[in-house]
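Undergrad: In case you want the letters, here they are:
There are 2 protein chains.
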Amino acid sequence: MIFRTAVRADLPAILELLVADQLGRARDRAVVDETYEQAFAAIDADPRNELIVGDDDGTVVACMQLTYIPGLSRHGAERLQVEAVRVRADRRGQRIGERMMAWAIDRARDRGCAMAQLTTDKSRADAHRFYLRLGFVASHEGMKLAL
Amino acid sequence: MIFRTAVRADLPAILELLVADQLGRARDRAVVDETYEQAFAAIDADPRNELIVGDDDGTVVACMQLTYIPGLSRHGAERLQVEAVRVRADRRGQRIGERMMAWAIDRARDRGCAMAQLTTDKSRADAHRFYLRLGFVASHEGMKLAL
Numbered sequence: 000m001i002f003r004t005a006v007r008a009d010l011p012a013i014l015e016l017l018v019a020d021q022l023g024r025a026r027d028r029a030v031v032d033e034t035y036e037q038a039f040a041a042i043d044a045d046p047r048n049e050l051i052v053g054d055d056d057g058t059v060v061a062c063m064q065l066t067y068i069p070g071l072s073r074h075g076a077e078r079l080q081v082e083a084v085r086v087r088a089d090r091r092g093q094r095i096g097e098r099m100m101a102w103a104i105d106r107a108r109d110r111g112c113a114m115a116q117l118t119t120d121k122s123r124a125d126a127h128r129f130y131l132r133l134g135f136v137a138s139h140e141g142m143k144l145a146l
Numbered sequence: 000m001i002f003r004t005a006v007r008a009d010l011p012a013i014l015e016l017l018v019a020d021q022l023g024r025a026r027d028r029a030v031v032d033e034t035y036e037q038a039f040a041a042i043d044a045d046p047r048n049e050l051i052v053g054d055d056d057g058t059v060v061a062c063m064q065l066t067y068i069p070g071l072s073r074h075g076a077e078r079l080q081v082e083a084v085r086v087r088a089d090r091r092g093q094r095i096g097e098r099m100m101a102w103a104i105d106r107a108r109d110r111g112c113a114m115a116q117l118t119t120d121k122s123r124a125d126a127h128r129f130y131l132r133l134g135f136v137a138s139h140e141g142m143k144l145a146l
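Just so you know, the sequences run in chain order F and C. Residue numbers for the first sequence follow numbering that gives the first Met the number 0, so the first one is 0 and each next one is one higher. Residue numbers for the second sequence follow numbering that gives the first Met the number 0, so the first one is 0 and each next one is one higher.
With the rest of the complex left out, here is chain F (with noise of 0.2 Å):
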């Protein structure tokens, strides 16, 4: 199992895993489309963001997108931003998603992050265990707004 930034033909495979996702699957289609096409080539192109996957032999199992924020707080220091974290059903249990989030970790420190975080939806209790485990604290309320 290796951790890489992901390529434009991991992108049937990352949407098979947002789709199968209980909370993904009302807002996502696993057909890749122009404007998925176009979503990855964004987040491609842009040093501050990277969408990882973790893959076994050749199959994608797991992703993740990675946000360094730059920031005034803290001394002007980066923080790193987790969103869409998923491990394929069949390959939970595995501790992939515990490897793959301490290797974001890790390459957050490397790269001077003063902070890691991200939120997960209040019905994600096993999410929470998870990321409570890895040494996460639940200090917020995450806040959001559909526009």
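Some hints could be false.
[Said to hold, decoys possible] BS3-like, lysine-lysine: derived pairs with alpha carbons at most 25 Å apart:
{"id": "1", "chain 1": "C", "residue 1": "Lys121", "chain 2": "F", "residue 2": "Lys121"}
{"id": "2", "chain 1": "C", "residue 1": "Lys121", "chain 2": "F", "residue 2": "Lys143"}
{"id": "3", "chain 1": "C", "residue 1": "Lys143", "chain 2": "F", "residue 2": "Lys121"}
{"id": "4", "chain 1": "F", "residue 1": "Lys121", "chain 2": "F", "residue 2": "Lys143"}
{"id": "5", "chain 1": "C", "residue 1": "Lys143", "chain 2": "F", "residue 2": "Lys143"}
{"id": "6", "chain 1": "C", "residue 1": "Lys143", "chain 2": "C", "residue 2": "Lys121"}
These are calculated hints, taken from the structure and not from any lab test. Owing to the predicted nature of the structure, the values given are computational and were not obtained by experimental measurement.
Starting from the structure of chain F, add chain C where the hints point.
TA: Okay, now just chain C, sitting in the frame of chain F:
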């Protein structure tokens, strides 16, 4: 009162706002140094980041940072992430924060963002009521890990 992108000359006033905050006081100093200058320049140069100030006749009385995160979810939509929302203590209760957030939400809608999101420390009860009034839903746990 206008809301506009911050310029280098606003940096001392913005740092004052960050340091005056109850939680920011432990983390930052109001003295502009090279590190803060570099962080300001990094935000300013990034087309997906904007440092915004509330300018009342030439005086900075509020600030916030807007980050537009590209993504695949929600059919490849960007989301607006809001950080570092501050209103000068002696100017609270004048709906400056409300007007600033409404301005941010309009800007995100104009850009085509599908969502606005932020996290707020669980100790900030006033802030929670403020965001709920604006239509935000406290649907997520906000997880943080200091690096």
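Undergrad: Hint by hint, say whether it matches the structure.
TA: Now the hints, each set against the structure:
1. The straight-line distance between the Cα atoms of Lys121 (chain C) and Lys121 (chain F) is roughly 14 Å, inside the 25 Å bound, and the hint therefore holds.
2. Between Lys121 (chain C) and Lys143 (chain F) the CA atoms are separated by roughly 15 Å; this keeps the pair inside 25 Å, and the hint holds.
3. Of the supplied pair hints, the one linking Lys143 (chain C) and Lys121 (chain F) holds, its CA atoms being roughly 15 Å apart against a limit of 25 Å.
4. Taking the CA atoms of Lys121 (chain F) and Lys143 (chain F), the gap is about 12 Å. The hint holds against a cut of 25 Å.
5. Taking the CA atoms of Lys143 (chain C) and Lys143 (chain F), the gap is about 17 Å. The hint holds against a cut of 25 Å.
6. The suggested pairing of Lys143 (chain C) with Lys121 (chain C) holds, with an alpha-carbon distance near 12 Å, which does not exceed 25 Å.
Of the hints listed earlier, there is not a single one the structure fails to meet.
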